[in-house]
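The primary structure of each chain is shown beneath.
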Amino acid sequence: MSAAKEIRSKIKSVQNTQKITRAMQMVATSKMRKTQERMKGARPYADNIRRVMTHLALVNPYARNATPFLRESLSQKKVGIILITSDKGLCGGLNANTTKLFYETVRKLNSEKTSVEVCALGHKGYNAAHRINSDISSFAVGLGDVPHMEQLIGPVSHFLNEFREGKLDAVYVIYSHFVNTMKQQPTLERLLPLDKKDLEHTNGVSWDYEYEPSALEVLEQLIRRYVESVIYQCVADNMASEQAARMIAMKAATDNAKEAIDGLRLIYNKSRQALITKELAEIVAGSAAV
Amino acid sequence: MVANRNTMKIEVVDSEKQIFAGDVEYLVAPGSEGEIGVFPNHVPLICKLKPGVLRLQMPDQADQLIFAISGGFLEVQKNQVIVLADIAQRTTELDEERLIEQKTKALAKVKQTPASATADVAKAQAALELAIAELKAIDYIKKHKNKA
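Order-wise, the sequence lines are chains X and R. Oh and the first sequence: position 94 is 127 in this note's numbering, straight run, nothing missing. Oh and the second sequence: position 146 is 220 in this note's numbering, straight run, nothing missing.
Read the hints as simulated data drawn from the structure, not as lab findings. It is possible that some hints are incorrect.
As the list claims (entries may be wrong) - Think about it this way: if two alpha-carbon atoms lie no more than 30 Å apart in a straight line, the pair counts; the simulated DSSO-like pairs of lysine-lysine are:
1) X:Lys67 x R:Lys91
2) R:Lys197 x X:Lys67
3) X:Lys73 x R:Lys122
Said to hold, decoys possible - Chain X side only, calculated, beta carbon under 10 Å to chain R, not exhaustive:
4) Lys64
5) Arg66
6) Ala75
7) Leu252
8) Leu255
9) Ser262
Unchecked claim - FRET-style restraints, in silico, Cβ to Cβ:
10) X:Gly175 x R:Thr192: 44 to 54 Å
11) X:Thr214 x R:Lys210: 53 to 63 Å
12) X:Thr214 x R:Asn115: 27 to 37 Å
13) X:Val174 x R:Lys152: 40 to 50 Å
14) X:Ala285 x R:Asn80: 51 to 61 Å
15) R:Asn153 x X:Met59: 47 to 57 Å
16) R:Ala182 x X:Val174: 42 to 52 Å
For every residue, glycine included, the Cβ atom is placed at its ideal position computed from N, Cα and C.
Make the full structure from the sequences, and use the hints.
Dropping the structure here:
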């Protein structure tokens with residue numbers, strides 16, 4: 034009898050787990066919709082400022098020398114990596130994939146004798162960077178479900194200043210890009226200096242802008258806005274990925290719990306039937322003996 | 075559609091959404107050094123914007139589209155204009171009384187916030203700038219209508 038009771042309590046416990054995972058799945062589904070909208074809403078601004086920056090990178094060398102933000106260094110001695118992850122777990126392989134890309138990048142950079150400084154946005158990334166004893170110069174954890182610019186700007190502007198002063202030769206950002214609900218792509222992007230890859234389609238015309246008030250002032254602020262916007266977009270992207278990944282992970286967990294319950298119930302019923310059969314056999318045997 | 079020579083393409087975006095995209099005859103923007111008017115075939119320009127009124131003249135229409143923006147950037151390429159506003163608001167969505175109240179509140183907040191809390195100060199200032207820009211936009215519309 035004790036075996037049956039054990040199985041029953043096991044079923045109960047799996048059912049409770051299932052309730053939790055199902056609730057988490059539903060919460061993630063509704064949050065995903067909101068985070069996705071936020072991500073899409075920020076896109077026009079990010080796309081347009083990126084276009085402006087692309088044009089800027091094309092302008093003649095005079096303007097490029099106006100601000101240290103547009104300089105290119107030939108060798109990379111020290112680079113900054115902004116690692117964007119979620120704060121919480123239970124979202125499948127999302128953070129594992131992102132941190133894997135981070136580790137690979139760090140290993141590659143170290144083999145090229147480039148030292149790395151890390152800015153961690155999100156608790157999981159902070160832990161991951163801590164694990165390999167990275168130089169974490171700034172971090173922000175507990176970002177919640179809505180990206181708040183004022184929370185992100187502090188840690189990131191630290192990198193901006195270092196880049197401006199020439200202490201960093203490049204700034205990269207690693208985050209999980211939301212492709213669709215089923216697929217999230219860990220992505221590495223170069224934030225500074227501006228990526229030349231996007232420039233090919235503009236067929237290399239060289240010209241300069243008129244600036245108002247002055248080239249230096251406009252460029253400095255514009256580049257700051259650009260970096261802010263890209264970081265915001267990346268964090269929003271990462272949050273959409275997080276919710277999608279969590280939804281899928283929790284759906285899988287709920288399905289698995291159902292399977293486990295079915296299996297346990299089968300065993301339970303079998304053992305119950307075996308017990309009844311045994312009792313019957315005993316009664317029959319007993320009455321036959323009398 | 076054949077592109078009209080006397081219009082240019084413009085995109086107005088703020089950090090949360092696209093506000094406007096289409097063809098305009100000319101535009102007037104609140105540049106940091108004074109109002110800037112841009113016609114088609116303008117020389118390439120990047121300009122800082124201060125809080126104020128952005129006006130777009132639509133082709134074949136008497137009325138102008140008016141937005142309140144709380145600062146940002148204006149980029150002019152050959153017949154392709156991008157307005158990167160920090161926050162932009164269509165004036166049709168504005169209500170003067172509410173705005174004056176908001177401005178007073180924002181002003182009080184700017185004064186109250188200790189200067190050490192940089193993030194809070196910036197936030198309060200941004201709110202104030204937006205309120206001022208929106209009020210300017212309403213003022214402009216009023217004057218404009220009285221003239222007409």
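We went through each hint and held it up to the structure:
Restraint check for Lys67 (chain X) and Lys91 (chain R): satisfied, since their Cα atoms lie roughly 14 Å apart, inside the 30 Å limit. Proposed proximity of Lys197 (chain R) and Lys67 (chain X) is supported: the alpha carbons are some 24 Å apart, at most 30 Å. For the hint linking Lys73 (chain X) to Lys122 (chain R), the alpha-carbon distance of about 26 Å falls within 30 Å, and the restraint holds. Of the supplied interface hints, the one on Lys64 (chain X) is violated, with its beta-carbon coming no nearer than about 18 Å to a beta-carbon of chain R, more than 10 Å.
Against a cut-off of 10 Å between C-beta atoms, the interface hint on Arg66 (chain X) is violated, since the closest Cβ of chain R lies about 16 Å away. Checking Ala75 (chain X) against chain R by beta carbon gives a least distance of about 6 Å; that is within 10 Å, so the hint holds. Taking 10 Å as the C-beta contact cut-off toward chain R, the hint placing Leu252 (chain X) at the interface holds, the least distance being around 8 Å. Given the 10 Å rule on beta carbons, the hint for Leu255 (chain X) holds: about 6 Å separates it from the nearest Cβ of chain R.
For Ser262 (chain X), the interface hint holds, the least distance from its beta-carbon to any beta-carbon of chain R being 7 Å, beneath 10 Å. At roughly 20 Å, the beta-carbon separation of Gly175 (chain X) and Thr192 (chain R) lies outside the given 44 to 54 Å, and the hint is violated. For Thr214 (chain X) and Lys210 (chain R), the hinted distance range of 53 to 63 Å is not satisfied, since their beta carbons lie about 44 Å from each other. Restraint check, Thr214 (chain X) to Asn115 (chain R): a C-beta distance of roughly 46 Å breaks the suggested window 27 to 37 Å.
Look at Val174 (chain X) against Lys152 (chain R): about 46 Å separates their beta carbons, and that is inside 40 to 50 Å. At roughly 59 Å, the beta-carbon separation of Ala285 (chain X) and Asn80 (chain R) lies within the given 51 to 61 Å, and the hint holds. Remark: the range hint 47 to 57 Å for Asn153 (chain R) to Met59 (chain X) is upheld by a beta-carbon distance near 50 Å. The supplied range of 42 to 52 Å is broken by Ala182 (chain R) and Val174 (chain X), whose beta-carbon atoms lie about 33 Å from each other.
When held up to the earlier numbered hints, the structure conflicts with 4, 5, 10, 11, 12, 16 and fits the remainder.
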